[in-house]
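Construct the complete structure from the given sequences, taking the supplied hints into account.
Quick mapping for you: the protein sequence lines, in order, are chains A and B.
Read left to right, the first sequence gives residues 1 to 789 (the UniProt record's numbering).
Read left to right, the second sequence gives residues 1 to 176 (the UniProt record's numbering).
Hint data in this document are derived by calculation from the structure and do not stem from the laboratory.
All residues carry an ideal CB built from backbone N, CA and C; glycine is no exception.
There may be inaccurate statements among the hints.
As a list, the in silico BS3-like pairs of lysine-lysine whose alpha-carbon atoms are at most 30 Å apart [stated by the list, open to error]:
#1 A:Lys661 <-> B:Lys169
#2 A:Lys16 <-> B:Lys169
#3 B:Lys161 <-> A:Lys16
Derived, one-sided and incomplete: chain A residues facing chain B with beta-carbon distance under 7 Å [stated by the list, open to error]:
#4 Gly10
#5 Ser11
#6 Arg14
#7 Thr23
#8 Leu34
#9 His682
#10 Ser707
#11 Val711
#12 Leu721
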Amino acid sequence: MTVTEEREVGSPRRRKEDARLITGRTMWTENVVLPGMLHLAILRSPVAHARITHVDTSAARELSGVVDAFSGRDVADIQGGLPCAWPVTEDMVHPDHPPLAVDEVRHVGEPVAVVVARSRAAALDALAAVEVDYEALPVVLDLEAALADGADLVHADKGTNRSYTWVFDSGEAGTGEAVDAALDGAEVVIKRRYRQQRLIPAFMEPRSVVVDPTGDQYTIWSATQIPHILRFLVSAITGTPEHKVRVVAPDVGGGFGGKLQVTPEELIAFVAAKRLGKPVKYTESRSDSLVSAHHGRDMIQDIELAARRDGTITGLRVKLLANMGAYLGLVTPGVPILGAFMYNAIYKIPAYRFECTGVFTNTTFTDAYRGAGRPEATYAIERIMDELAVEVGLDPVEVRRRNWINADEFPYTTVAGLTYDSGDYEAATTRALELLGYDELRREQAQRRDSGDTVQLGIGVSTYTEMCGLAPSRVLGSLRYGAGGWETASIRMLPTGKVEVVTGTSPHGQGHETAWSQIVADQLGVAFDDVEVLHGDTRTSYKGLDTYGSRSLAVGGIALYNACQKVVDKAKPIAAHMLECDPADLEFTGGQFRVRGNPDNGKSLADCALAVFAAHDLPDGVEPTLDADAVYDPVNFSFPHGTHLCAAEVDTQTGRVAIRKYVAVDDIGRVINPLIVEGQVHGGVAQGVAQALFEDAVYDADGNLLSGTFVDYTLPSPADLVDIVTDRTESPAPDHPLGTKGVGEAGTIASTPAVVNAIVDALRPYGVNDIQMPCTPERVWRAAQGGGA
Amino acid sequence: MTGLYEEIREEPAADVPVRRVSITVNGAKRTADVEPRLLLAHLLRQGFTLTGTHVGCDTTNCGACTVLLDGQPVKSCTMLAVQADGHEVTTVEGLAGPSELHPIQEGFSDEHGLQCGFCTPGMMLAAKALLETNPDPTEDEVRWALSGNLCRCTGYQNIVKSILWAARKLQSQAGT
Numbered sequence: 001m002t003v004t005e006e007r008e009v010g011s012p013r014r015r016k017e018d019a020r021l022i023t024g025r026t027m028w029t030e031n032v033v034l035p036g037m038l039h040l041a042i043l044r045s046p047v048a049h050a051r052i053t054h055v056d057t058s059a060a061r062e063l064s065g066v067v068d069a070f071s072g073r074d075v076a077d078i079q080g081g082l083p084c085a086w087p088v089t090e091d092m093v094h095p096d097h098p099p100l101a102v103d104e105v106r107h108v109g110e111p112v113a114v115v116v117a118r119s120r121a122a123a124l125d126a127l128a129a130v131e132v133d134y135e136a137l138p139v140v141l142d143l144e145a146a147l148a149d150g151a152d153l154v155h156a157d158k159g160t161n162r163s164y165t166w167v168f169d170s171g172e173a174g175t176g177e178a179v180d181a182a183l184d185g186a187e188v189v190i191k192r193r194y195r196q197q198r199l200i201p202a203f204m205e206p207r208s209v210v211v212d213p214t215g216d217q218y219t220i221w222s223a224t225q226i227p228h229i230l231r232f233l234v235s236a237i238t239g240t241p242e243h244k245v246r247v248v249a250p251d252v253g254g255g256f257g258g259k260l261q262v263t264p265e266e267l268i269a270f271v272a273a274k275r276l277g278k279p280v281k282y283t284e285s286r287s288d289s290l291v292s293a294h295h296g297r298d299m300i301q302d303i304e305l306a307a308r309r310d311g312t313i314t315g316l317r318v319k320l321l322a323n324m325g326a327y328l329g330l331v332t333p334g335v336p337i338l339g340a341f342m343y344n345a346i347y348k349i350p351a352y353r354f355e356c357t358g359v360f361t362n363t364t365f366t367d368a369y370r371g372a373g374r375p376e377a378t379y380a381i382e383r384i385m386d387e388l389a390v391e392v393g394l395d396p397v398e399v400r401r402r403n404w405i406n407a408d409e410f411p412y413t414t415v416a417g418l419t420y421d422s423g424d425y426e427a428a429t430t431r432a433l434e435l436l437g438y439d440e441l442r443r444e445q446a447q448r449r450d451s452g453d454t455v456q457l458g459i460g461v462s463t464y465t466e467m468c469g470l471a472p473s474r475v476l477g478s479l480r481y482g483a484g485g486w487e488t489a490s491i492r493m494l495p496t497g498k499v500e501v502v503t504g505t506s507p508h509g510q511g512h513e514t515a516w517s518q519i520v521a522d523q524l525g526v527a528f529d530d531v532e533v534l535h536g537d538t539r540t541s542y543k544g545l546d547t548y549g550s551r552s553l554a555v556g557g558i559a560l561y562n563a564c565q566k567v568v569d570k571a572k573p574i575a576a577h578m579l580e581c582d583p584a585d586l587e588f589t590g591g592q593f594r595v596r597g598n599p600d601n602g603k604s605l606a607d608c609a610l611a612v613f614a615a616h617d618l619p620d621g622v623e624p625t626l627d628a629d630a631v632y633d634p635v636n637f638s639f640p641h642g643t644h645l646c647a648a649e650v651d652t653q654t655g656r657v658a659i660r661k662y663v664a665v666d667d668i669g670r671v672i673n674p675l676i677v678e679g680q681v682h683g684g685v686a687q688g689v690a691q692a693l694f695e696d697a698v699y700d701a702d703g704n705l706l707s708g709t710f711v712d713y714t715l716p717s718p719a720d721l722v723d724i725v726t727d728r729t730e731s732p733a734p735d736h737p738l739g740t741k742g743v744g745e746a747g748t749i750a751s752t753p754a755v756v757n758a759i760v761d762a763l764r765p766y767g768v769n770d771i772q773m774p775c776t777p778e779r780v781w782r783a784a785q786g787g788g789a
Numbered sequence: 001m002t003g004l005y006e007e008i009r010e011e012p013a014a015d016v017p018v019r020r021v022s023i024t025v026n027g028a029k030r031t032a033d034v035e036p037r038l039l040l041a042h043l044l045r046q047g048f049t050l051t052g053t054h055v056g057c058d059t060t061n062c063g064a065c066t067v068l069l070d071g072q073p074v075k076s077c078t079m080l081a082v083q084a085d086g087h088e089v090t091t092v093e094g095l096a097g098p099s100e101l102h103p104i105q106e107g108f109s110d111e112h113g114l115q116c117g118f119c120t121p122g123m124m125l126a127a128k129a130l131l132e133t134n135p136d137p138t139e140d141e142v143r144w145a146l147s148g149n150l151c152r153c154t155g156y157q158n159i160v161k162s163i164l165w166a167a168r169k170l171q172s173q174a175g176t
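Set out below in structure tokens:
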């Protein structure tokens, strides 16, 4: 173990990334322009389910500026199919997913035909000249109806709308007791149905892809979170040798899981570029994006909680229906399964059963959206904990306290079989209650209730944990996921002592260039500005598993740390040689190798870098390089946790909800850059609040997406949100040399139930025990009138 | 429509009308022959290679394309290029001097007012217009002034702080 002075880690460094982003010098995929580049436009299905009886692109091909036009039938044999990397059960129904529909369309927005032209305008104009005839087929939208006998089918050849049923039972798994007995004999049983509305990730940068075929090489620029996975899968799907495919994720404008996908559009652009032998660009419009980029959430959650009268939980049964949409995306089936490990949350629950059925409908396919399975689980358990509190007559904080894992019980193996590494739920909750002024607000709440105030006050509690740092490869394998969960880092020591870091993570707003520089600066004792972080181009960063699941620091950070140690280990014999001492007598601090007890005599890492560059006088047998690679496969997930509290004022006459105060106390282990961490919490909370109050992807009875633009899919604006109060407690991750956990999804996971619990709490005196999300003024008003919601 | 390279244009189709527009962009007069239907955002991005102006939606909701037209914030995706004929346009590329950032840019960096950065140019230009009419805004005034600009990363808290930071700096500069 190397001992270094810690100077950078923990400091709120301003981000390196900002220089280009604030001056308009960013390199988005849409900015890529190549000589001879053509533009692609996609004709999308206007109907939710139909047989394609006729397509004619000939008129489009005759138009000015148009170079090519084709339909799914024209490329059916060569276009390949989109991958699903997570067949969660052996018998999962996995329908073909052609990039361009061939015989049938199964959701509005599905690509049907393509025009390639010399300008984007010409390509878009020519779409109007493509003739398509559709023969309507029955539209499947309702999850329960889809599973009924004799239901109309999304994929007629499959004979069912059920993709899979996945079960975890603690009695069978040996991680706990059987849940049926717990529920049968329970003093208290609370049963609820919660609906996770469909959401749209709605990253601000629309997706864009450029495919450049030059000779037998294909370079793909894409607004993706996963350049490495994309390269591997494009190679596998198209039969292009992997070394002939280069993927570049330049600056990427947000993802939130929405760019964790191999998309139809990427493969269509590949097919078009290959067909024409010329570079082709596709950039989606926002309306295209909202109807075709994968959606998230959309589940029906039936949850039953068994408890004793004193509030102690004795069992938990969860039955999910998860909307897959019309097809399976990259990890679609696995998203609700990630939640399976999180319904038990921070609580000691003796018996647990989870069952999830994935259902096909004629809608845009769903997949990962910030939190992916964990926000849904946290919502259901944290909502029903409040119901338990009411049922047994306890304060919602107290009922949680009676059930949560105590700080001295870590590591703790849960009923779902995970071993939580560390945490202190009491500490985070105590801090959050102080910051909110909980007792005082409860007094005000009582006063408002007593006086019959038309504006009621509610306090929502959410004590969450999550599993992040995806993920130990063996665990992923046991869950039938198609890839591992390791991450990689390389250090390149330049002769002048400057450092290039190559990471396998692929940031799209997270600030890895800054945080990684901080880690390296400390570990190698070099200046923050002497480190350059390279990422997102498979030519420089040829290996990696990219960025999602709050994994980049929790996994990639360890790879980076380990690579730094290797550099130091390589430099040590060289420094010893220069200092004419035994390497065992050297210590490395602040970038200097010094002989113990002789602090004046030292050699810096830069001296060693120059020495290996010259290579004139190295010890015998020493390879003239300090460069080092490391690949790290995590031994466990990491388990951030925290307590979020929301105080909301609810106007019973208008249904307006105003967040009065929101407190987020998160324990994410040690923090590399508090500025970045705070930003992640702010943004995460905003997205969770948006689910609670604003966002809803709505289909009409014919399967048309009604919320297909930002007019109708209502992202909150600055005027819709308030400042939140953030603080942290710190339980370092014991398996991580830097003690870090992960923060990318925490805010989103925690905040939705905090807000809804606050609204329901405000309206308890009105007989309200649930409000469907998003809690719009209309729904809140109806609930307050006793009309249900 | 010219591309990003200085190229000789193909003859436009006979039925495509073309209008000449002259726009002063970031202080320099620029002229282009454009189709009347061309959006200002596209002229700035593709015609003038000012790719700091971003297009994030097609319904005037997100504000990523916000530029200043004679000092007023406009959404350049909902304005035709010909409507800007004879006017002055400021884009994000016009904010900084050759060696010095605008205080609003400094504020965004200092207060971590951006993550992915896609909304940032529009946010900064909307903020510039605000601070020119209201040099000492409250937090609430900042939120309302920016309510036509969407960000998915930050939750806006640090954007507001960034703009208040810039307001303080601009005021202290004006006072000295």
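Inset, instruction - Tell me if valine 711 of chain A is really an interface residue toward chain B, meaning its C-beta lies closer than 7 Å to one of theirs. - result: 5 Å, holds
Inset, instruction - Tell me if threonine 23 of chain A is really an interface residue toward chain B, meaning its C-beta lies closer than 7 Å to one of theirs. - result: Check passed: Cβ of threonine 23 of chain A comes within 6 Å of chain B, closer than 7 Å.
Inset, instruction - Hold the hint about arginine 14 of chain A up to the distance rule: shortest CB distance to chain B must be less than 7 Å. - result: 5 Å, holds
Legend entry - Given hint leucine 721 of chain A near chain B, where the shortest CB pair must fall under 7 Å: 6 Å, holds
Inset, instruction - Take a quick look at whether lysine 661 of chain A and lysine 169 of chain B sit within 30 Å of each other, Cα to Cα. - result: The given pair, whose Cα atoms are some 29 Å apart, holds under the 30 Å limit.
Legend entry - Agreement of lysine 16 of chain A and lysine 169 of chain B with the hint, judged by alpha carbon distance not exceeding 30 Å: 22 Å, holds
Legend entry - Hint check: 7 Å Cβ-Cβ cutoff, serine 11 of chain A to chain B: 13 Å, violated
Legend entry - Hint check, histidine 682 of chain A versus chain B [nearest Cβ-Cβ separation less than 7 Å]: Holds, about 4 Å.
Legend entry - Residue hint glycine 10 of chain A, partner chain B, criterion CB-CB below 7 Å: 16 Å, violated
Inset, instruction - Starting from lysine 161 of chain B, check that the Cα of lysine 16 of chain A is at most 30 Å away, please. - result: This hinted pair holds, its Cα atoms lying about 19 Å apart.
Inset, instruction - Verify the interface restraint on leucine 34 of chain A: the C-beta must sit less than 7 Å from at least one C-beta of chain B. - result: Result: violated, 10 Å to nearest chain B Cβ.
Legend entry - Minimum beta-carbon distance criterion (7 Å), serine 707 of chain A to chain B: 12 Å, violated
Violated hints, listed in ascending order, are 4, 5, 8 and 10; each of the other numbered hints is respected by the structure.
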